[in-house]
Amino acid sequence: MAAAQIRIATLVVILAAWELVARSGLLYQDVVPSLFEIGSAFFQMFFDKETYWHFGVTAWEVGAGLAIGYLLGVAFGFVAGTRRFFGAAVAPYVDGIATAPKIVFLPIVMLLVGTGIASKLALGALSAFFPVAINTAAGVRQVNPVLVRVGRSLRLSRWQMATRIYLPALRPSLVTSLRLGFGLAVVGVLLAEIKLSSAGLGFLANEHYSHYRVADLYAVLLLIFIIAVGLNGLMGRFAERR
Amino acid sequence: MKPALAGVLGVVSLAIVIELAVQAGWVSSLVVARPSALPAAFMRLWSEGFVAGPVGITLAQAFTATGAAAALGIPWGYWLWRKPVLGEAYTPWIGAAFAAPTVLLFPLFLVLFGRGYATTVFVGFIAAVIPIVLKTREAFLGVPKVLLDVGRSFRLSGAALLRRVAFPAAVPGIFTGLRLGLIYALVNIIGMEFLIDFGGLGRIVSEMYFRFEIPGMYVAILLIVLVSWTFLAALSRLETWLRPR
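Chains as they are written, first to last, in this note's numbering: chain A, 28 to 269; chain B, 6 to 250.
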């Protein structure tokens, strides 16, 4: 059997098992809703104007948060990569904060900018910043030294070095950074929305959860996953194209 | 001057600047805790049992989740290597799951398991099992063919070939998976504890915030950064030490 057939067979078995469990009555009612209920909840979402509003809020928080975190992360990573001493001095602190779960910084962020949209945006930026900074710094250190020496021998200014030598050489690393940053910004924003918010897809998921509308909850999470995985895949395609 | 010393000096200067800014009233102490207030806050947290116990609870969950993930993930990864067609079929899915925001599924786990350790540990398990499966398969794929051929030329049985040749050669790679798994489990469990106000370290942050004990909240967050970083550093050391030179 070829890989593709195995995948289709597995999918069919999983979906059938799911439906069987849903109809068996073994679990509490609605904990595992039938696939048809989830499917109908999923399609109904698209006819509800509110979905688009919540999607817009989340998209803005992720987009703006990612943009801020990405730009700051690239700038910081660039400095940390080119200035070896500075890079070595900050590395343990950056690594330490980068490892910790960003969501626990939410209370600080909320004290600083309030509990509104700005706090989700800031958490998205914070989540994106660290992987982007670390990845950019590593990318800068791996730039072919010959290119850097060519730039120096041509007496390029610092700005010209950044835009003419490093930027083209860093392209693959910058795209990877964007993917990493995007993935973590999505998680940061949505977790913050689920914890405390009044708009966004995370808020919507939390609303369904607290009213025990399980099929709707599955539908929202499915939508989030489709968007996140889809965009990640698109960026992967873009990264492979040279 | 060494970079490490410069780093410490940088942090100390930053703390002094924050201290002065708060004391001068430029920044409210209800938003940013005075660095000088942190030691006292730490002692208070310690005496109220908000340090050692929660750290223990969180670590115990992380190890439980990773243990379960290893028990399932290592055989699973091995199997994906033994049956290449299955590896080809499933590895892209597992890779996609690695990039997907699986932690966002936690409201579903709350519905399934309730607000308790089952949910936090399960979130850690999911986070850990994916890298363990992927790295185990990679580790076995990386075993030099020569070693396996030597084993076969000694007419080792399948089980002996695995036990004497393939597995020992794959150990460093498998350990990379375990290291990643443990760190992901720890981080996700702490985040989950914060989100559902339950369990160890993460819950303390949430609790301090609701009590509006700002220095205590900062101490709890710093403690989380410290624990995550110590874990990362210790495991990286262990990994370098384990690798054959």
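In short, the hints are calculated from the structure, not lab data.
Idealized CB from N, CA, C, for every residue including glycine.
Each hint should be verified, as a subset may be incorrect.
So the derived label-pair ranges between C-beta atoms look like this [said to hold, decoys possible]:
1. A:A30 to B:G72: 25 to 35 Å
2. B:L231 to A:L98: 22 to 32 Å
3. B:R120 to A:F63: 27 to 37 Å
4. A:P119 to B:P80: 14 to 24 Å
5. B:G72 to A:R34: 46 to 56 Å
6. B:L35 to A:A266: 24 to 34 Å
7. B:E53 to A:A266: 33 to 43 Å
8. A:Q71 to B:V36: 41 to 51 Å
9. B:A9 to A:R34: 27 to 37 Å
10. A:F63 to B:S33: 49 to 59 Å
11. B:P173 to A:R111: 34 to 44 Å
12. B:A123 to A:W80: 52 to 62 Å
13. A:S184 to B:V13: 55 to 65 Å
Stretches of chain A that chain B covers, calculated by requiring three or more beta carbons in the stretch to come under 8 Å of a beta carbon on chain B [unchecked claim]:
14. 29-35
15. 141-155
16. 193-203
17. 209-216
Practice task
Kindly confirm whether 27 to 37 Å is satisfied by the beta carbon distance between B:A9 and A:R34.
Solution key: Once the Cβ atoms are compared, 50 Å apart, the range 27 to 37 Å for A:R34 and B:A9 is violated.
Exercise for the section: State, for the Cβ atoms of A:A30 and B:G72, whether the hinted interval 25 to 35 Å holds or is violated. Expected result: Since A:A30 and B:G72 have Cβ atoms about 31 Å apart, the given range 25 to 35 Å holds.
Exercise for the section: Mind checking the hinted window 55 to 65 Å against the Cβ distance between A:S184 and B:V13? Expected result: violated, 34 Å
Exercise for the section: Count residues of the stretch 141-155 of chain A with a Cβ under 8 Å from any Cβ of chain B, then say if the count reaches three. Expected result: violated (count 0)
Practice task
Could you say whether the range 33 to 43 Å given as a hint is met by the Cβ separation of B:E53 and A:A266?
Solution key: violated, 49 Å
Handout entry: Whether the CB-CB distance between B:P173 and A:R111 falls inside 34 to 44 Å
Key = Holds, at about 38 Å.
Exercise for the section: With a C-beta cutoff of 8 Å, work out whether three or more residues of the stretch 193-203 of chain A approach chain B closely enough for the coverage to hold. Expected result: violated (count 0)
Handout entry: Assessment of proposed distance window 49 to 59 Å (beta carbons of A:F63, B:S33)
Key = holds, 54 Å
Exercise for the section: Could you tell me whether the CB distance from B:L35 to A:A266 stays inside 24 to 34 Å? Expected result: Given about 44 Å between the Cβ atoms, the range is violated.
Handout entry: chain B covers the stretch 209-216 of chain A, three or more CB atoms within 8 Å, holds or violated
Key = Answer holds; 3 residues pass the 8 Å Cβ test.
Problem - Range hint 14 to 24 Å (beta carbons of A:P119 and B:P80) holds or violated - result: violated, 36 Å
Exercise for the section: Could you say whether the range 22 to 32 Å given as a hint is met by the Cβ separation of B:L231 and A:L98? Expected result: holds, 29 Å
In this structure, the hints that do not hold are numbers 4, 5, 6, 7, 9, 12, 13, 15, 16, in rising order.
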